[in-house]
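Engineer: Go by the hints and put chains B and C onto chain A.
Protein chains in written order, with my numbering: chain A, 1 to 349; chain B, 1 to 349; chain C, 1 to 349.
These are computed hints drawn from the structure, not numbers from a lab. None of the values given here were measured: they were computed from a predicted structure. Where a beta carbon is used, it is the ideal one built from N, C-alpha and C, also for glycine. Some hints here could point you the wrong way.
Stated by the list, open to error - Derived DSSO-like pairs: lysine-lysine, alpha-carbon spacing no greater than 30 Å straight-line:
#1 K302/C x K302/A
#2 K55/A x K302/C
#3 K323/B x K336/B
#4 K339/B x K339/A
#5 K323/A x K55/B
#6 K336/A x K344/B
#7 K323/B x K302/B
#8 K344/A x K323/B
#9 K323/A x K339/C
#10 K323/A x K344/A
#11 K342/B x K342/C
#12 K302/A x K336/A
#13 K342/A x K344/B
#14 K55/B x K272/A
#15 K302/B x K55/C
#16 K344/A x K343/B
#17 K203/C x K302/C
#18 K203/C x K155/C
#19 K272/C x K323/C
#20 K323/A x K339/A
#21 K323/B x K342/B
#22 K342/A x K302/A
#23 K302/C x K323/C
#24 K323/B x K344/B
#25 K302/C x K155/C
#26 K323/A x K343/B
#27 K323/B x K323/A
Claimed, not checked - Some, not all, of what chain B presents toward chain C, calculated at C-beta under 7 Å:
#28 Y129
#29 S200
#30 Q207
#31 H330
To be verified - Computed footprint of chain B on chain C, listed as stretches where at least three residues anywhere in the stretch have a Cβ under 8 Å from a Cβ of chain B:
#32 165-173
#33 321-335
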Amino acid sequence: MKKLLDTDKGSETTVAELARHLGCPYEGEGATQLTGVADLAGAGEGELVFMAHRKFRPLLENTLAAAVILSPEEPCDRIPIIRSSDPQRSFVEAQGYFFTPYRPEPGIHPSALVAETARIGPEVSVGAYAVVSDDVEIGAGTVIHPFVSIYPGVKVGRDCIIHSQVSLRENVTLGRGIILHNGVVIGADGFGYLPPEDGSRAKIPQQGTVVIEDDVEIGANSTVDRGTLGATVIRRGVKIDNLVQIAHNVEIGENSVVMAQVGIAGSSRTGKNVILAGQVGIPDHIDIGDNAIIAAKTGVTKNIPANTMVSGSPHLDIQVWRKAWAAIPHLYDLLKEVKQIKKKLESLE
Amino acid sequence: MKKLLDTDKGSETTVAELARHLGCPYEGEGATQLTGVADLAGAGEGELVFMAHRKFRPLLENTLAAAVILSPEEPCDRIPIIRSSDPQRSFVEAQGYFFTPYRPEPGIHPSALVAETARIGPEVSVGAYAVVSDDVEIGAGTVIHPFVSIYPGVKVGRDCIIHSQVSLRENVTLGRGIILHNGVVIGADGFGYLPPEDGSRAKIPQQGTVVIEDDVEIGANSTVDRGTLGATVIRRGVKIDNLVQIAHNVEIGENSVVMAQVGIAGSSRTGKNVILAGQVGIPDHIDIGDNAIIAAKTGVTKNIPANTMVSGSPHLDIQVWRKAWAAIPHLYDLLKEVKQIKKKLESLE
Amino acid sequence: MKKLLDTDKGSETTVAELARHLGCPYEGEGATQLTGVADLAGAGEGELVFMAHRKFRPLLENTLAAAVILSPEEPCDRIPIIRSSDPQRSFVEAQGYFFTPYRPEPGIHPSALVAETARIGPEVSVGAYAVVSDDVEIGAGTVIHPFVSIYPGVKVGRDCIIHSQVSLRENVTLGRGIILHNGVVIGADGFGYLPPEDGSRAKIPQQGTVVIEDDVEIGANSTVDRGTLGATVIRRGVKIDNLVQIAHNVEIGENSVVMAQVGIAGSSRTGKNVILAGQVGIPDHIDIGDNAIIAAKTGVTKNIPANTMVSGSPHLDIQVWRKAWAAIPHLYDLLKEVKQIKKKLESLE
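With the rest of the complex left out, here is chain A (with noise of 0.2 Å):
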């Protein structure tokens, strides 16, 4: 893999010296230099390694990297080990020793308009070009990348990082340590009209708003409408991937997880760690129970309990989903088959 000069710390350490500071026992020589990490199919000399299933023993034995991270009954006798009972989660901690992500210096660019009636706490970062309007606030240590348009009345928590063409629109409210990646809009209207007169539609005012929640982060590019009346409402430590439609009045339920592409439609509601893969779709006025699962391209019809797993559109209970998506194949041969057996009973009467 490429080296990242600017985001790569530039760190150096020995094979003891990080297992030490993961807090992991090692096996072989400790002495040995190490220069960052990578995945198991790329790793050139100096990085580290971690094994995320056995399938990938092949790699592992050809492998130039320097040392690798294993669960404590893996063997490995080509280079040194540090042992982990969460090979993953130690890996990702020896990244943040050797990498930072991106993140521009504190201070306001003197080509980002911040209104006098702003509030800006410290060590934050407003890009250039960014527009911060009247009465927001934006707490500390937050970085605004360039062409973030803030409208009126706008409310960001500390610690939050905003991309580069996000709109805020008027008066939403996030919480702290929020990502929002490039091109998310948060609080556009709700799409809202009442039943045609005239064959026209006229507007339903979307006078509400979005709160999001701490430790939110939100997907490129996707879109989180404000609620009609009252909020829409992302809770804390949800994850949304990218092109996620939300729609007014929705209430994603915390540290659930929304794949890309998936749509939400008004005032629909997910309980906890529920997880709603890729391109799922979601009408309006659902209930959604802690801890289900939503296969990808589900298309819900109706309230999911708590526990369970569906798929399909309309969706049903994973079990029957899969009993008769086995059969489908046979569908057309049965058909045939019912007609041979309609034949010799009519023969046989």
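Structural biologist: Okay, now just chains B and C, sitting in the frame of chain A:
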């Protein structure tokens, strides 16, 4: 609901005054003060609500609201009632009494770059860092928010609202009263290539345009491509939700509704008052008749007659689809039954 | 079709001259004047058309066009004919004769912010309010439109066109001849978290990058995430439509076509010349062989061999899928029939 101070008119009124304003009779204490509107679940003191459906009666019986809009026959003895044959429509009118959507002042921000050859109507607002290129026309009363990028030759009619991060590509034409939410792209190149030669695909020039008629609203991050030759056309009164894709040379008929994440491929057309529910996909060169309804997630495969409803992928008439999908969960057992029947038949023969 | 004045070259020619330019023979009046091209349905006086398919003969017989490009065997006695064994390809060449896509002049706009450490090639155009950060390289002849946000360490090759509102995140690399339409995001963080501890999910650092090879085109508001480790790679000649999601560490093979609203999850790979039709979903760690065709809305569930076509969700071989879906509308009646058969059998026993 938290008050949105800068968009709240600060109006106060009484039940009697508001009822007169709405042209409705009222029952109960006409002098009751009203300070705003809210939804039935979240209403507080001084707020007006309406009941969308009888199933919400328990909420009505416990509301803190000051008054309610109800249909003529609906009883309520707790709070003053404004009577309306269409409670939702009257409620939306009442919303307009208390609430004004955020709207920047007219005027051209000193940081906006407006070409000398651009013609800007009276009472137009051009926001910070907006770019208005050569030969652009912007009609009276239109609002251009920050970071809107208007390429040369674009025409925007009167009383439009173009939110931040919108791109209007060269020569596209917008009518009057149009709302484009943040991140919308109008007029990017259609997706057209010649069949491959030596593997690579030559680009077909996209020299057409986009025409958007009056009173269209388009949701955040939706995209409408320009025609290859001729125009992509969005007819009067069409409402398009977020993250919708409209390809080159598509025509969407008057007053149609296109919900989130719908995709429509090249040269397809819809009639008037068509409803495309969320995540529908329509291939190229398809005709959809007036008043057709395409259910969520439908994969259309051929023309849809007027006044029909379809669902499924590939689509089926809604009645056929409902029967088939009622049967699918039984398919697995059906396979087993037919096997048993065959055995029995053999033993009978 | 309305003329697009500023992108119309104002060229005039004759049938004979244009035929010579295209290297094609012509029939009829060679002195006939041509002023542009149009589609068969909308052509006016002086315009050149072609006939894409015989079903459009009625249009040809009524066209106002001045001349037509036809394949050798196709008759027409109304207007001059330019003969071509590939009429569409010749027509596209003719388009280039009359039409130039809009393109700003070279030069760096005074409002653009270009870091001192950025290296800008000759004949580059950097538009108003573009931000070009430290250590960025931009190759000769490339066009950067307004509000493009280029993070540090980005490399853009020669002759690229980067439209307004695009974000290029830190350290991504673009080859030459690339077109990125408005709102594209290259290099936002991949969607990766450790399994939850105490409910919350720790972010996996996304320290990889994106590599886009020559002659790639990416449609409006599409997103290509950076690798977790290593790179997400879009190979030479790939064409990607609007609102497509490409996750971390994906690789799209040479000359593949990815239509609108497709989503591809982490670490999946496609071979060369693959076609992914609209709204296809591909989960993580999937391999798709060369020349495979994935029909619209397919939900891929496992690896797809080269030179095959699949459809459905979960996907099936196209032949199996066609048979199954031909049978599905009969499923409901089948259930009833089997019930009757069982009764008859019981009465026979």
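Engineer: The structure should be examined with respect to each hint, and the outcome stated for every one.
Structural biologist: We went through each hint and held it up to the structure:
Distance check on the hinted pair: K302/C and K302/A sit about 28 Å apart at the alpha-carbon level, within 30 Å; holds. Our distance criterion of 30 Å between C-alpha atoms is met by K55/A and K302/C, whose separation comes to about 17 Å. Pair hint K323/B plus K336/B holds up; C-alpha atoms about 21 Å apart against a cutoff of 30 Å. A distance of roughly 13 Å separates the Cα atoms of K339/B and K339/A; the hinted pair therefore holds under the 30 Å criterion.
A hinted pair counts as satisfied when its Cα atoms are at most 30 Å apart, and K323/A with K55/B does not qualify at roughly 37 Å. Among the hinted pairs, K336/A with K344/B is consistent with the structure: their alpha-carbon atoms are about 18 Å apart, no more than 30 Å. Between the alpha carbons of K323/B and K302/B the distance comes to roughly 21 Å, so the proposed pair stays at or under 30 Å and holds. Between K344/A and K323/B the alpha-carbon distance is near 27 Å, which keeps this suggested pair within the 30 Å criterion.
A hinted pair counts as satisfied when its Cα atoms are at most 30 Å apart, and K323/A with K339/C qualifies at roughly 20 Å. Using a Cα cut-off of 30 Å, the hinted pair K323/A and K344/A holds, with the two alpha carbons roughly 29 Å apart. For a cut-off of 30 Å, the pair hint linking K342/B to K342/C stands: about 11 Å separates their Cα positions. Restraint check: the Cα-Cα separation between K302/A and K336/A comes to about 34 Å, which exceeds 30 Å; the hinted pair is violated.
Of the supplied pair hints, the one linking K342/A and K344/B holds, its CA atoms being roughly 13 Å apart against a limit of 30 Å. Taking the CA atoms of K55/B and K272/A, the gap is about 26 Å. The hint holds against a cut of 30 Å. Our distance criterion of 30 Å between C-alpha atoms is met by K302/B and K55/C, whose separation comes to about 17 Å. Note on K344/A and K343/B: the hinted pairing holds, with a Cα-Cα distance of about 12 Å set against a maximum of 30 Å.
For the given pair, K203/C sits about 27 Å from K302/C by alpha-carbon distance, which is consistent with the 30 Å threshold. Pair hint K203/C plus K155/C holds up; C-alpha atoms about 27 Å apart against a cutoff of 30 Å. With a C-alpha separation of about 28 Å, the suggested pairing of K272/C with K323/C holds against the 30 Å cut-off. A C-alpha spacing of about 23 Å is found between K323/A and K339/A, which places the hinted pair at or below 30 Å, so the restraint holds.
The hinted pair formed by K323/B and K342/B meets the criterion: a straight-line CA distance of about 26 Å does not exceed 30 Å. Taking the CA atoms of K342/A and K302/A, the gap is about 38 Å. The hint is violated against a cut of 30 Å. Annotation: proposed proximity of K302/C to K323/C holds, straight-line Cα distance about 21 Å (limit 30 Å). About 29 Å separates the Cα atoms of K323/B and K344/B, which keeps this hinted pair within 30 Å; it holds.
Under the criterion of a C-alpha separation no larger than 30 Å, the hint pairing K302/C with K155/C is inconsistent with the structure, at around 35 Å. Between the alpha carbons of K323/A and K343/B the distance comes to roughly 22 Å, so the proposed pair stays at or under 30 Å and holds. Only pairs whose Cα atoms come within 30 Å are accepted, and K323/B paired with K323/A is accepted, the gap being roughly 19 Å. Taken as an interface hint, Y129/B checks out: its beta carbon lies about 6 Å from the nearest beta carbon of chain C, inside 7 Å.
Interface hint status for S200/B: upheld, as the beta-carbon distance to the closest one in chain C is roughly 5 Å, under 7 Å. For Q207/B, the interface hint holds, since its Cβ comes within 7 Å of a Cβ in chain C; the closest pair sits about 5 Å apart. Annotation: H330/B was flagged as interfacial toward chain C, and the flag holds, the nearest CB pair being 6 Å apart, inside 7 Å. Here's how the segment 165-173 of chain C fares: 1 of its residues keep a CB closer than 8 Å to some CB of chain B, so the rule of at least three is not met and the hint is violated.
Given as covered by chain B, the segment 321-335 of chain C passes the check, having 7 residues with a CB less than 8 Å from a CB of that chain where 3 are the minimum.
When each numbered hint is compared with the structure, violations occur for hints 5, 12, 22, 25, 32.
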